[in-house]
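K.L.:
Same order as they appear, the protein sequences are chains U and X. For the first sequence, my numbering begins at 6 and goes up steadily by one. For the second sequence, my numbering begins at 6 and goes up steadily by one.
Check the hints yourself; a few may be wrong.
A pair counts as met if it fits within one copy or between any two copies, since identical chains are not told apart.
Said to hold, decoys possible - Computed cross-link-like contacts, DSBU-like style, restricted to lysine-lysine with a CA-CA straight-line distance of at most 30 Å:
id, residue 1, residue 2
1, K325, K169
2, K52, K325
3, K190, K95
4, K95, K319
5, K138, K325
6, K190, K7
7, K169, K206
8, K249, K138
FYI, nobody ran anything at the bench for these hints, they're computed from the structure.
2 protein chains.
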Amino acid sequence: MKIVIDAMGSDRAPAVEVEGAIQAVEEYGHDLLLVGDEPAIKAELAKYKDYSNKISILHAPERIEMHEPAALSVRRKRHSSIVLGLEVLKREEADGFVSAGNTGAVVCAATLSLRLLPGIERPGIAVGYPTLKGVSVLIDIGANIDPKPIHLLQYGIMADAYAKYILHKPNPTVGLLNVGEEESKGTDFIKETHALLSESKLNFIGNIEGRAIYHGSADIVLCDGFVGNVILKVSESIVDTLVKALKQEIQANFIATIGAALSSSAFNKLKKKMDYSEYGGAQLLGVDGRCIISHGSSTPKAIKNAIRVAAEFKTQDINKRIVEEIESY
Amino acid sequence: MKIVIDAMGSDRAPAVEVEGAIQAVEEYGHDLLLVGDEPAIKAELAKYKDYSNKISILHAPERIEMHEPAALSVRRKRHSSIVLGLEVLKREEADGFVSAGNTGAVVCAATLSLRLLPGIERPGIAVGYPTLKGVSVLIDIGANIDPKPIHLLQYGIMADAYAKYILHKPNPTVGLLNVGEEESKGTDFIKETHALLSESKLNFIGNIEGRAIYHGSADIVLCDGFVGNVILKVSESIVDTLVKALKQEIQANFIATIGAALSSSAFNKLKKKMDYSEYGGAQLLGVDGRCIISHGSSTPKAIKNAIRVAAEFKTQDINKRIVEEIESY
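Pulled out of the complex, with its shape left as it was, chain U reads as follows (with noise of 0.2 Å):
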């Protein structure tokens, strides 16, 4: 097994991303590939026990910024960490692509040189996230902002085999994000991609409301890539207002602040909890390829957690079970 991290995403790389392979290195014992600026690679490396022999160095001499804009930087970028890490991928010489830089251009370099499995006609990201009653997918959260209703469809295919065999869910209930329950509800897309998931084969539990998303009442969530964005940066947002809020409360009262050194350790136990990172990022569903993208603000566990999820799309073959899928539509 084989990994290629791009060392050149996350907001303090090279250094998490190393620190990332250094762990998975020690836990899972892959063979990885780091891509990027090849000296600040090396001193990150040095602080660490010597792996030369499970982890390797490509360098590229560009990178990629996080706002730069998706098709032109990666057009432009021949020999960025993204665009060179997944030729390594192209030529079939790695399992699994790791990077925490910019979404955008991770996506467009992926269907650009792996190009979609056949009969996808979009990619779509995939996130598993925290609910009450376990872990669920949220998909689309970006990949593409004004999907058919084909497209919501092939995601929930897709999603299905991740739901089943990553994350061990027999028969995973899908739902379709919606205003209302009924049936009568919602835009014209919605409609129409209402029908066509009655119609699949899919265990389809019909329209779910917001509110339902983190109650975990489907294990897979439907939606496009607009509205899926909007919900990922929102969460992350109330997360962080919610504990910012909760110490300005408890800074204004002496016994709360008692009570809340004392239950410290549960605020950090929550905190990892809802930090989707801890389930190993989110995942570019429908190219020719095994492609995990980190958040930004990763840390080095998450990096360490994004490399065990690559491998398991590789070892549970979840590409091929999707073409599968897809063929028998």
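Once you have looked at the hints, place chain X on chain U.
P.N.:
For chain X alone, kept in the frame of chain U given last:
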């Protein structure tokens, strides 16, 4: 000042509405008209001091339930508390209307009976919500799930009047919710809306991302009603989920339990701060009248606050300001 209250709207109607009305009379001294099942309302009123000089009753033999289809229920239930209550406003016998009932039915009945303000193409629902920097306004949260760019411009103009004269923000900033801040990002709908807003007289600060909503980066956040509805419901449920998850963590840890007991007043204050009912419910903007839509699970205090805001909309003559502004375009 006379405010009409749909006494049959909330999950615990008419008890919550009656208690909220009593509080409003005691605090603000407004005249109130409770519309709904007269015997049930009288039974609730009998629990309090006699305010029959300030509170009157209009009997409504029908009630529109939460999940009835909006347009159909309004046409069929001509003697429901929502329809009869809004007719009092139409006859100009009252200054505002408050309902914690079926949002779609209130939007539909208000548009049919009160009509739209001159120049306004579609009504929108605005909600004030807490951020790290104070209260901001999100519009639309579900009146119009498939809007045109001109509708969002008009929502911006209406929310501007709300933010200036009710929230007392002298020059409110307006952000357009998008998947990225760059002008090149988003759907065609977003790009056209961005162009319209850029040419407007609003204090438009450009696109904002989902994470900016609770950071308070804009005083007014514009989005289509589908996205707004999802944001509102996700936000509510994530607060619930966090509180439940935190309790689970805390129960698993004895020291943390003591801590949580000591800091519980901080939790309660936070929960209150995050509850948009505290800010007077949601405002239906664009109709020729003042309609406040409260949450189905409203407390008496939320009803009282909604009554206060309905009166403020009259006192500040928000609708006249909106019409003048729309005419100037």
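K.L.:
Run through the hints listed earlier and report the numbers of any the structure violates, in increasing order.
P.N.:
Hints 2, 6 not satisfied by this model.
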